[in-house]
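Residue numbers (my numbering): 1 to 586.
It should be emphasised that the hints constitute simulated quantities derived from the structure, not laboratory data.
One or more hints might be untrue.
[Claimed, not checked] DSBU-like mimics (lysine-lysine), calculated; alpha carbons at most 35 angstroms apart, straight line:
id, residue 1, residue 2
1, K452, K240
2, K122, K95
3, K134, K180
4, K134, K63
5, K122, K319
6, K240, K63
7, K319, K96
8, K452, K153
Model, not experiment: these values are computed from the prediction.
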Amino acid sequence: MNILKRLLAIILVLTLITACIPSSEITVAEEFVLTTDLRGGQFVFVGVNGDINGVVNPSLRAKPGERITVMLVNSGWGTHNIVFPDLNIESTTIKKQGETTSLTFTVPNEDTSLEYYDTNFKRLGMRGILVVGKGAIAGTVEYTLDGRFVNGKMVYIGVGGDINGQVNPDLTANPGDLVKIHLTSSEGVLHNLYVDEFNAKSEDVSTAEGITIEFIAGEEGTFMYYCAVPGHRQLGMEGKLIVGSGVSSQQSSTGSSQFTSQQIAPVEAAGPADPNAVDIVRDPTDIPAPIGDRAPEHVVINLEAVELVGKLADGTTYKYWTFNGKVPGPFLRIRVGDTVELHLKNLPDSMMAHSIDLHAVTGPGGGAVSTQTTPGGETTFTFKALNPGVFVYHCATPMVAHHMANGMYGLILVEPEGGLPPVDREFYVMQGELYTSQPFGTEGALTENIDKLLDENPEYFVFNGASLALAGEDHMLHANVGETVRIYFGVGGPNFISSFHVIGEIFDRVYDQASLTSNPLTDVQTTIVPPGGATMVEFKVEVPGNYILVDHALSRLEHGLAGYLSVSGEPNLEIYDGETMPGSGH
1 MNILKRLLAI ILVLTLITAC IPSSEITVAE EFVLTTDLRG GQFVFVGVNG DINGVVNPSL
61 RAKPGERITV MLVNSGWGTH NIVFPDLNIE STTIKKQGET TSLTFTVPNE DTSLEYYDTN
121 FKRLGMRGIL VVGKGAIAGT VEYTLDGRFV NGKMVYIGVG GDINGQVNPD LTANPGDLVK
181 IHLTSSEGVL HNLYVDEFNA KSEDVSTAEG ITIEFIAGEE GTFMYYCAVP GHRQLGMEGK
241 LIVGSGVSSQ QSSTGSSQFT SQQIAPVEAA GPADPNAVDI VRDPTDIPAP IGDRAPEHVV
301 INLEAVELVG KLADGTTYKY WTFNGKVPGP FLRIRVGDTV ELHLKNLPDS MMAHSIDLHA
361 VTGPGGGAVS TQTTPGGETT FTFKALNPGV FVYHCATPMV AHHMANGMYG LILVEPEGGL
421 PPVDREFYVM QGELYTSQPF GTEGALTENI DKLLDENPEY FVFNGASLAL AGEDHMLHAN
481 VGETVRIYFG VGGPNFISSF HVIGEIFDRV YDQASLTSNP LTDVQTTIVP PGGATMVEFK
541 VEVPGNYILV DHALSRLEHG LAGYLSVSGE PNLEIYDGET MPGSGH
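Take the sequences, apply the hints, and build the full model.
And the structure:
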């Protein structure tokens, strides 16, 4: 959107310059301004003025014999031009962001429809129709759909006419019809609408005012329309567009594109880092006090789903989805036998629905079926903690991996009867992955990349949400010689196993798979923690110095996954006697 704003400013300047030039003898009746974009792995034209503003591959309309201008502005996605083959006219090529080209010509003096396209990217989606007069359009059909959250599902609801109130209604058209679909989002959740076979891709919308998508239904068949926001189609947001008889021998169930986004997508440039980005790192000492030996109680837990821009690294920002504004979410501490009343709010400025699945819950979806919460909403449910242990919780709104990768995970400790043995220090650490369009180490505002998420190809591995978050003074772990340390460690993931290890220490006790009722493993060097799993490790620190927390899949250290346990105190030469050398990393 920032690119479009800059392009609109360029267009405004060009318009002012044009206004100062003496008019020619032939008046231009219509001017259409298009820009280039990459949507869903396909290149497209996007209208940026008048009635075509925001429309993907818009239908341009002119009267027979009218003189028009079509201007194209390069948004930075490659090299482009615009061609009207039936008129044998072609623009110059534009290669740089903000560069423009234009064609001024007289349309035929008859009703017709003329194709326009980009020479290089026609097959990848950059094509549209210029409709002259009545054109070759058989007719016009119009529909209004509202994106809503109903009974745990994302759906389109028909508004008005024969489809009023219908869930994911069948839309009908005749071959050659101009189809107009107005999409709204009365609940404020981000939605869009795609019809792959006709290369129809709307902008994202999160308002009741909505946007309109239009396209020519160029062939008979039954085609799926759906929401391309990750997870929404899987949660039920799709319907049928039936053109003519609804039968086509050429129709493909996989859509019309022959190319994947990985084949065509350039590396997306980062925008400027957000100066208002906040520290999203959960401090590892942010843990409630031990419960100890008390009777079961009624416990109320309040959580908020918060979407905000956070600091991923120095000079680098990222849009996180969180529980209570930090990654991981708050450390929840209860006792076996407690009855928990959990309230989940979703802040009004959120763009997504959110929920919570707690692995400590015995019940459908771990609570997720009762907490699918739209922006500005609140849900609640109760559960009884039946099993002691350290459990992961996470958002379970589809696409679940998408919500988890953006930071929506945490730990809940269910203490056994009588509580846990006392220790001197307790710490809270979780591992996760981030999937950004830009390579690791890029400065600026980074953006999520769903293709990398689905391919399990992260750019960042993180402890507590950010690159090297626990390696700096603000959030590193601290202890003193002779103290006993306990680390509650979990993997939010969503995809990678962790081989958790503290370099220079040996775990005296490992509560394998976070089972607190089994005998712990003893004298362990490295422990395996799966995605959605946890452990509890304990050890006594004997020697001062810095101890590095790692995943022993050590290449991940080069992707931001490291933390420090800094131990202060007098040297213990009987256990360790040696000089720390420069460059050792300690």
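To see whether the hints hold, each was checked on the structure:
1. K452 x K240: holds (29 angstroms)
2. K122 x K95: Holds. K122 to K95 sits at ~17 angstroms (cutoff 35 angstroms).
3. K134 x K180: holds (16 angstroms)
4. K134 x K63: Given pair K134, K63 holds - Cα atoms ~9 angstroms apart, limit 35 angstroms.
5. K122 x K319: At roughly 33 angstroms apart (the allowed maximum being 35 angstroms), K319 and K122 satisfy the hint.
6. K240 x K63: holds (33 angstroms)
7. K319 x K96: holds (28 angstroms)
8. K452 x K153: holds (26 angstroms)
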